[in-house]
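Student: What follows is the residue order along each chain.
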Amino acid sequence: MTAIVNIFLKEGVLDPQGKAIHHALDAMNFEGVEDVRMGKQIVLKLTATNKEDAQKEVEQMAEDILANTVIEDYTIELI
Amino acid sequence: MKHIAVLQFPGTNCDLDTKYAFEKLGCNTTVVWHKENKLPENTDLVVVPGGFSYGDYLRSGAIAQFSPIMKEVVAFANGGGKVLGICNGFQILTEVGLLPGALKRNIGLHFISKFQTLKVVNNSNNFLQKCKKSEVLNIPIAHADGNYYIDEAGYQELEANEQILVRYCDNKGEPLVVNGSVTSIAGVCNRNKNVFGLMPHPERALETILGSEDGIKMLEGLIA
Chain C
1 MTAIVNIFLK EGVLDPQGKA IHHALDAMNF EGVEDVRMGK QIVLKLTATN KEDAQKEVEQ
61 MAEDILANTV IEDYTIELI
Chain Z
1001 MKHIAVLQFP GTNCDLDTKY AFEKLGCNTT VVWHKENKLP ENTDLVVVPG GFSYGDYLRS
1061 GAIAQFSPIM KEVVAFANGG GKVLGICNGF QILTEVGLLP GALKRNIGLH FISKFQTLKV
1121 VNNSNNFLQK CKKSEVLNIP IAHADGNYYI DEAGYQELEA NEQILVRYCD NKGEPLVVNG
1181 SVTSIAGVCN RNKNVFGLMP HPERALETIL GSEDGIKMLE GLIA
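So the protein sequences, as listed, match chains C and Z.
All letters in the first sequence, in the order written, are residues 1 to 79 by this note's numbering.
All letters in the second sequence, in the order written, are residues 1001 to 1224 by this note's numbering.
Worth double-checking, as some hints may not be accurate.
[Unchecked claim] Calculated lysine to any residue pairs in the SDA-like style (CA-CA distance at most 25 angstroms, straight line):
id, chain 1, residue 1, chain 2, residue 2
1, C, Lys10, Z, Lys1133
2, C, Lys10, Z, Gly1011
3, C, Lys10, Z, Gly1108
4, C, Lys40, Z, Gly1079
5, C, Lys19, C, Met38
6, C, Lys40, Z, Gly1097
7, C, Lys19, Z, Gly1097
Just so you know, these hints were derived from the structure itself, not from any lab.
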């Protein structure tokens, strides 16, 4: 099973990299971009076969190390 | 004589500067490799120095927090032992939960390396006891992830408990936006005032000939 963990700065926490990308898009005349948030994606190949177990395990990983929950939110997708 | 333990992770690069600084101040200083699971006996102060532990992979300080020595440092701090984190050390101490808040990428995204004036906000703690309140200090900064974040409730607690140590300021002591930190915070301590973290490098400000000796009165507070 593969777990895809997406990590973004929380809503309301200023994202300096997203902001810089937004400025660059503006400068390149791409119109209609309201907001840009930059995050990171971590892809984990798991030996687990049970989705529920995998979900629990990856949540623990996200809480303990993958994300810093003081400033970041995360989502987990299992395929 | 005070005994100082300076931690060393893969990628730490201020360990020897920090050792030099505390030896100059008359301390016995030992560099402790991160794989150790014991601090030297009689340790009076643990310093987590600056650098790029684990190449700043994942997040600055995120991986170093799980090194074997950190368990011992957390126990030392929880038992009332004094701990100082400088720059990457500050990031590690927030990641491991000994200090509140987190450090994000600087606004403007630049790595900022220069002398920077700081205003002493609170001196009701060991670290800044030799500094005057509102005193302006000149200390080098060198970081890309120094943008201190804490939520509103956390900030109110910092204010109420006098946990804000220093703010970035101009020559007159007025707060200055340097890296985007909440209210220009450059350093904080924990509620019990035995764990300290700051982005600026006091260990690089010990000699007038090299720009400033204001770091001496900061570090001296911890060994008084």
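Student: Work down the list of hints and note, for each, if the structure agrees.
Tutor: Against the structure, the hints:
Straight-line distance between C-alpha atoms of Lys10/C and Lys1133/Z comes to about 35 angstroms, which puts the hinted pair past the 25 angstroms bound. Only pairs whose Cα atoms come within 25 angstroms are accepted, and Lys10/C paired with Gly1011/Z is rejected, the gap being roughly 29 angstroms. Annotation: proposed proximity of Lys10/C to Gly1108/Z holds, straight-line Cα distance about 19 angstroms (limit 25 angstroms). For the hint pairing Lys40/C with Gly1079/Z, the CA-to-CA distance comes to about 37 angstroms; that exceeds 25 angstroms, so the pair is violated.
For the hint pairing Lys19/C with Met38/C, the CA-to-CA distance comes to about 9 angstroms; that is within 25 angstroms, so the pair holds. Simply put, Lys40/C and Gly1097/Z have alpha-carbon atoms about 22 angstroms apart, close enough for the 25 angstroms limit, and the pair holds. About 28 angstroms separates the Cα atoms of Lys19/C and Gly1097/Z, which puts this hinted pair outside 25 angstroms; it is violated.
Violated hints for the displayed structure, listed by number in ascending order: 1, 2, 4 and 7.
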